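K.L.:
So the chains spell out like this:
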Amino acid sequence: MTTTAMTDSEIDRPVRQSITVRASVERAFRVFTAEFDSWWPRSHHIGTSPMTKSIIEGRVGGRCYSEQESGEDCPWGSVLAWDPPHRFVIAWQITPEWKYQPDLAKSSEVEVTFTSVGEKQTRVDLVHSHFSRHGEGGDKMREGVGAPGGWGTLLETYASVVNS
Amino acid sequence: MTYRDNQLDAIGDKTRRAILARLRKGPLPVVEIARGFSMSRPAISKHLAVLKKAKLVTDTPDGNRRLYQLNPEGFESLRAFFDEYWGTALVAFRARIEQSADEDDDT
Numbered sequence: 001m002t003t004t005a006m007t008d009s010e011i012d013r014p015v016r017q018s019i020t021v022r023a024s025v026e027r028a029f030r031v032f033t034a035e036f037d038s039w040w041p042r043s044h045h046i047g048t049s050p051m052t053k054s055i056i057e058g059r060v061g062g063r064c065y066s067e068q069e070s071g072e073d074c075p076w077g078s079v080l081a082w083d084p085p086h087r088f089v090i091a092w093q094i095t096p097e098w099k100y101q102p103d104l105a106k107s108s109e110v111e112v113t114f115t116s117v118g119e120k121q122t123r124v125d126l127v128h129s130h131f132s133r134h135g136e137g138g139d140k141m142r143e144g145v146g147a148p149g150g151w152g153t154l155l156e157t158y159a160s161v162v163n164s
Numbered sequence: 001m002t003y004r005d006n007q008l009d010a011i012g013d014k015t016r017r018a019i020l021a022r023l024r025k026g027p028l029p030v031v032e033i034a035r036g037f038s039m040s041r042p043a044i045s046k047h048l049a050v051l052k053k054a055k056l057v058t059d060t061p062d063g064n065r066r067l068y069q070l071n072p073e074g075f076e077s078l079r080a081f082f083d084e085y086w087g088t089a090l091v092a093f094r095a096r097i098e099q100s101a102d103e104d105d106d107t
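Heads up: the protein sequence lines correspond to chains A and B, in order.
Under the working numbering, the final residue of the first sequence carries the number 164; numbering is consecutive throughout.
Under the working numbering, the final residue of the second sequence carries the number 107; numbering is consecutive throughout.
Everything labelled a hint here was simulated from the structure, so no lab data went into it.
As the structure is a computational prediction, the values presented were derived from the model and not from experiment.
Please note that the accuracy of each hint is not assured.
Simulated crosslink set (PhoX-like; lysine-lysine; CA at most 20 Å straight-line) [as the list claims (entries may be wrong)]:
id, chain 1, residue 1, chain 2, residue 2
1, B, Lys-14, B, Lys-53
2, B, Lys-14, A, Lys-99
3, B, Lys-55, B, Lys-25
4, B, Lys-14, B, Lys-25
5, A, Lys-106, B, Lys-55
6, A, Lys-53, A, Lys-106
Residues on chain A that point at chain B, a partial pick, calculated with CB under 10 Å [to be verified]:
id, residue
7, Val-15
8, Gln-17
9, Ile-19
10, Thr-20
11, Ala-23
12, Phe-32
13, Glu-35
14, Ser-38
15, Pro-41
16, Ser-43
17, His-44
18, Val-60
19, Val-110
20, Thr-122
21, His-128
Facing chain A, a subset of chain B residues (Cβ under 8 Å, in silico) [as the list claims (entries may be wrong)]:
id, residue
22, Glu-32
23, Phe-37
24, Ser-40
25, Ala-43
26, Asp-83
27, Tyr-85
28, Trp-86
29, Gly-87
30, Ala-89
31, Leu-90
32, Phe-93
33, Arg-94
34, Arg-96
35, Ile-97
Ideal Cβ placement from N, Cα and C applies to all residues, glycine included.
All chains, full assembly: derive it from the sequences and hints.
P.N.:
This is the structure in C-alpha cells:
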C-alpha cells in the first residue's frame, strides 16, 4: 500500500467513457441532447418519484432535470458550455448523498465531445471530472483538493491502492 | 438496499470519510481510530460497522482486539460505479441512435 502524497491531478483523475456510433456529428449531438429523453436510462434518476421525462435545456445556463410522476421537477445539473454540434459541459449537481446540489462549486463536471471518425461515424467521449469538489464540507473550513476525506480523494486513493 | 447503495451512503458521511482516510496508512484498532474524534468509541464502532457492511473495510482479530483495514476490492467497485453508470448510459444512447439511423439522418 502506498502512502505517498498524491498530486491534485492524480486525485482528480476523471472517469472516461467513449463510444462510437453510426451517425453524423450533427445527429449524434442532437439525439444526445435535444432527444435526451428518448434514450436516458430510467434507472439513472435521483428523485423520490419515478421519472417521466428527462430534459437538457440546450443553452449555457440551461437546466438539466427530470419530470416526475409526482409533478415535481427533479433538477440534477446545469449547462456550463454549449458548442453544438461538437461539445457541451454539464455541472453534475448531485451530492455523495444523491441529493441535488445547488452550489456549482461543490459539483463535478461532465464534458461530452463529438468527433467525426468517418462517414456517419462519430466518436462520443465523456469525461466526468472534479469529483473532489463533492467532498468539500459546507460549514467547515474549505478543504484543499488533496485533503483526506473528500469523495474524489477516496475514489482515487483506493484506486491507487488497488493498483499498487 | 443494494450493496452499491450501501457504499454510497457509507462515504456520504464526513466522519466515515475521515475514518477511511485514517486507515490509509495501515490497519488500526478501534481505540486508535477513535483518537482525535470528539465522539465516543461506541459511536466510532457504529460507523465502522456501516463501513464493514458496505465492504469498504474488513476486520481481523488481533489478540483480544480487532484490527480494521481498508478493503481494496470494495473501493474498486465504488470507482467502477461511475464507469458503469456512464457506460450504461452510452450504450443506451448508441442503441437509440442506431435503431433509427436511416429514418431521420440529417446529413
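K.L.:
Which numbered hints are broken by the structure, listed smallest first?
P.N.:
Hints 5, 6, 18, 22, 23, 24 and 25 contradicted; others consistent.
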